[in-house]
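Novice: So the sequence lines, in the order shown, correspond to chains X and F.
Following full-length UniProt numbering, the numbering of the first sequence begins with 1 at its first residue and continues without gaps.
Following full-length UniProt numbering, the numbering of the second sequence begins with 1 at its first residue and continues without gaps.
Please keep in mind that the hints were generated in silico from the structure rather than gathered at the bench.
Be aware that a few hints might be false.
Just a sample of chain X residues kept apart from chain F, beta carbon distances all over 12 Å, derived [as the list claims (entries may be wrong)]:
{"#": "1", "residue": "Gly21"}
{"#": "2", "residue": "Asp64"}
{"#": "3", "residue": "Tyr73"}
{"#": "4", "residue": "Lys191"}
{"#": "5", "residue": "Asn226"}
{"#": "6", "residue": "Lys228"}
EDC-like mimics (lysine to aspartate or glutamate), calculated; alpha carbons at most 20 Å apart, straight line [what the hints assert, rightly or not]:
{"#": "7", "chain 1": "F", "residue 1": "Lys119", "chain 2": "X", "residue 2": "Glu53"}
{"#": "8", "chain 1": "X", "residue 1": "Lys119", "chain 2": "X", "residue 2": "Glu106"}
{"#": "9", "chain 1": "X", "residue 1": "Lys137", "chain 2": "X", "residue 2": "Glu125"}
{"#": "10", "chain 1": "F", "residue 1": "Lys126", "chain 2": "X", "residue 2": "Glu163"}
{"#": "11", "chain 1": "X", "residue 1": "Lys135", "chain 2": "F", "residue 2": "Glu219"}
{"#": "12", "chain 1": "X", "residue 1": "Lys85", "chain 2": "F", "residue 2": "Glu123"}
{"#": "13", "chain 1": "F", "residue 1": "Lys132", "chain 2": "X", "residue 2": "Glu54"}
{"#": "14", "chain 1": "F", "residue 1": "Lys126", "chain 2": "X", "residue 2": "Glu115"}
{"#": "15", "chain 1": "F", "residue 1": "Lys126", "chain 2": "X", "residue 2": "Glu106"}
{"#": "16", "chain 1": "F", "residue 1": "Lys132", "chain 2": "X", "residue 2": "Glu78"}
{"#": "17", "chain 1": "F", "residue 1": "Lys126", "chain 2": "X", "residue 2": "Glu54"}
{"#": "18", "chain 1": "F", "residue 1": "Lys126", "chain 2": "X", "residue 2": "Glu53"}
Please read all numbers here as calculations on a predicted model, not as lab measurements.
The C-beta atom is built at its ideal place from N, Cα and C for all residues, glycine as well.
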Amino acid sequence: MPIISVSNLKKSYGELDVLKGISLDINKNDVVAIIGPSGSGKSTLLRSLIHLEEIDGGTIQINDESLVEKGIYAKPQEIKQITSKMGMVFQHFDLFPHLTVSGNLEIAPKLAKKEPMSKIKARSEELLEKVGLTKWKNAYPANLSGGQKQRVAIARALMMEPEILLFDEPTSALDPELTGEVLEVMKNLAKEKMTMVVVTHEMGFAQEVATKAIFMDNGEVVESGNAKALFENPQFDRTKAFLKRSLK
Amino acid sequence: MSSEYIITLLKPMLEGAQTTILLFIIAIVLSIPLGFLLTLAVNSKVKILSYLAHGYIYVMRGTPLLLQLLFICFGLPMIPGVGEYLVLDRFVAATLGFVLNYAAYFAEIFRGGLLSIDKGQYEASKVLGMTKWQSLTRIIVPQMIRIALPAVANESITLVKDTALLYAVAVPELLHFAQTAVNRDFTIVPFFIAAIIYLVMTLVLSLFFKYLERKFKFE
Numbered sequence: 001m002p003i004i005s006v007s008n009l010k011k012s013y014g015e016l017d018v019l020k021g022i023s024l025d026i027n028k029n030d031v032v033a034i035i036g037p038s039g040s041g042k043s044t045l046l047r048s049l050i051h052l053e054e055i056d057g058g059t060i061q062i063n064d065e066s067l068v069e070k071g072i073y074a075k076p077q078e079i080k081q082i083t084s085k086m087g088m089v090f091q092h093f094d095l096f097p098h099l100t101v102s103g104n105l106e107i108a109p110k111l112a113k114k115e116p117m118s119k120i121k122a123r124s125e126e127l128l129e130k131v132g133l134t135k136w137k138n139a140y141p142a143n144l145s146g147g148q149k150q151r152v153a154i155a156r157a158l159m160m161e162p163e164i165l166l167f168d169e170p171t172s173a174l175d176p177e178l179t180g181e182v183l184e185v186m187k188n189l190a191k192e193k194m195t196m197v198v199v200t201h202e203m204g205f206a207q208e209v210a211t212k213a214i215f216m217d218n219g220e221v222v223e224s225g226n227a228k229a230l231f232e233n234p235q236f237d238r239t240k241a242f243l244k245r246s247l248k
Numbered sequence: 001m002s003s004e005y006i007i008t009l010l011k012p013m014l015e016g017a018q019t020t021i022l023l024f025i026i027a028i029v030l031s032i033p034l035g036f037l038l039t040l041a042v043n044s045k046v047k048i049l050s051y052l053a054h055g056y057i058y059v060m061r062g063t064p065l066l067l068q069l070l071f072i073c074f075g076l077p078m079i080p081g082v083g084e085y086l087v088l089d090r091f092v093a094a095t096l097g098f099v100l101n102y103a104a105y106f107a108e109i110f111r112g113g114l115l116s117i118d119k120g121q122y123e124a125s126k127v128l129g130m131t132k133w134q135s136l137t138r139i140i141v142p143q144m145i146r147i148a149l150p151a152v153a154n155e156s157i158t159l160v161k162d163t164a165l166l167y168a169v170a171v172p173e174l175l176h177f178a179q180t181a182v183n184r185d186f187t188i189v190p191f192f193i194a195a196i197i198y199l200v201m202t203l204v205l206s207l208f209f210k211y212l213e214r215k216f217k218f219e
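Next up, chain F with everything else stripped away, as it sits in the complex (with noise of 0.2 Å):
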């Protein structure tokens, strides 16, 4: 196995990671405050706006995100009559797809830390004068992050690697390249080093996440 031939791999594999990143990072910049969003449609007074969320996360979450990307790619321009105009460039139709999934998960997660957060915090930042919104802001939100930051983390990681369904609706990413040179070469090699592409990305993810609850451990 020559040097060489792993350079002119990896070209189109980088180049693949390259939209694997670009999906990862739209996806987790639009889905984490997204998710936030829909957490504060549950707990929402406004029962309406709680059930719909409700049913939202129940839906994203209850079904396959396959499933979903297939949908919003080539199921949508099949509705009759509006159809048409529903036809996405694919891959900002499954962009859109893993930022709606994700947002559920996103929602949970931020769901769970608000859960565990004493309502002492409320009651003194209200006894204290502070509005909702600052005590939301300034006193919840921070400690809330602490708290999910773990899950945020594990969920960012199986993003990284969910990226791949990307290959599933034919848009041309990392693992789509792997493939392409395992069958034009039949060497097995591709599948290793898109496995070790992944793992410096999943590792770089690691780290920077590691840093994040160092810093928020207020200690």
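So here's chain X without its partners, still in its complex pose (with noise of 0.2 Å):
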């Protein structure tokens, strides 16, 4: 059974249709990379599964559960719900500037999940070893650098202990030389079985960590599959052409 389930998802913005019947399924413990070029709908979908964009029509469905069933959307609360098992992490970090590190890992579990104090020091404590960030627990993101400050908001998202956790183009607001730090984080979540799916311009990753490729290009999935498969041996021209231009 898919951890999530998409079928003909559609959305516009006004006369420009963005997503044209996107239909996918991800399976636990998957790691997804969206490949495709800029404009091609993927940050778009991404945002749809966790509800940062209201689509138009289609359904999607996390563990079974419906977000929104052809076209109709699930009651608020049933949405809070729902979403709560996606973490997601953004291009340009968000993370919470008058926060300190700490901070930013601490708040969402303490006013959401209202868990106590000490459980939420410890996981916190935890995860900034995970990422390489204890000493900086203190210090606020205006004094960390970007991939620092990615690593922060992959913490800040595992706080909320998500089952599936959602990447927005997670290495594209790096420097070059910052870019391997965050990736090497994400590879370790995905050895961790962490179910991840990964808009992404890095086909270097896509390809040494994801196990399932998506290709979209124009609103549409072009190809998808195995990721191994999609990478070495394309069926369609536009992933021919994508992957050329994109991998040279």
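Take the two lone chains and join them into the complex the hints point to.
Specialist: Following this line, the structure appears as structure tokens:
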């Protein structure tokens, strides 16, 4: 049973159809790379999964529960509960600048989950250790490098103990020499069998870590399947042309 | 110019300054929250609320504060039928005028602060499961305060000086006592003393806001 199931998802901004009937299934423990040229709708698709975009038609099921069924959304309380199984990491980190690194990690569990502080503290220490930022726990985001910020953002998402982690171009805003440290953290998550959906331009990462790849172009899924197969033996001309451009 | 004369001058002027400070404190304490509520109203999805708030801000910013004060103190009691119930204590009426006027300016300052907050902040709090209220109070407002602080400081200093408008509605305050002494004793010394007292008040305020800006630096 897929953990994320999307069928016939449609979304348009006025006259412009950005998603033209997308269908896809993602299984537990999959690491899915969504690739494709800019403007192909990858980010919109990802954002729809966690209800940052409202779709116009189609169905999105998370863990067999319908976030939206044939264009009809669940009730707000159900939406909140369904999307709470997912965490998200943004291109521009979107850390809370007025909170320290620990503050960024601890605020959501404190407010949204109302967990005891001792439990939250223990988990934030553990996650900061995991992303290698224990030393920086009292620093403010303004004093971190881009790579450090993104690692904090990943730890912050993990604080809510999601079953699925969504990444929206997590390394696109980073200087090339800083992408490595972020990709390293993501690789480790993949090893721990975290289910991940990653919109990315990092073809190297996609090839190395992804179990499944989805190639999108112009609001459609052109080709999807086993990542290795898609990269090594693309079936469609559009995929071939894109990979040729991206892999040189 | 004897120091004795200055001391006799200082007594009423410092009393006047008390009125000035009292007005300042009440006006700040009430107009800042009211201004924030206006900002929320302006940004509200309820169209009618947003229009009303826009209209209110337009009128309050578009007419002189002095006119508003005169209207509340002398105009309201002249309204046929209800006027007799609208005769307020002069200080209370003037304070009301300051609160209503400054709220409009603070609303615009806060709106500017909110505009400069990246939408990613709302999205990040949403995907982390915070409610809209939690995200507003714990994520958005603290950042808005930091952004708005210099403008709020500016507006507060203007308020200190605007309290002199009490003179026009005959509430005795600092400037009133200075002017009285100038007329009575035919000397400009009271004006200098008044200026110094205003400068001390604005200096204290500037230092306070500098302190707040340091505290809200987040680095």
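Novice: Just pull the numbers of the violated hints for me, sorted ascending.
Specialist: none
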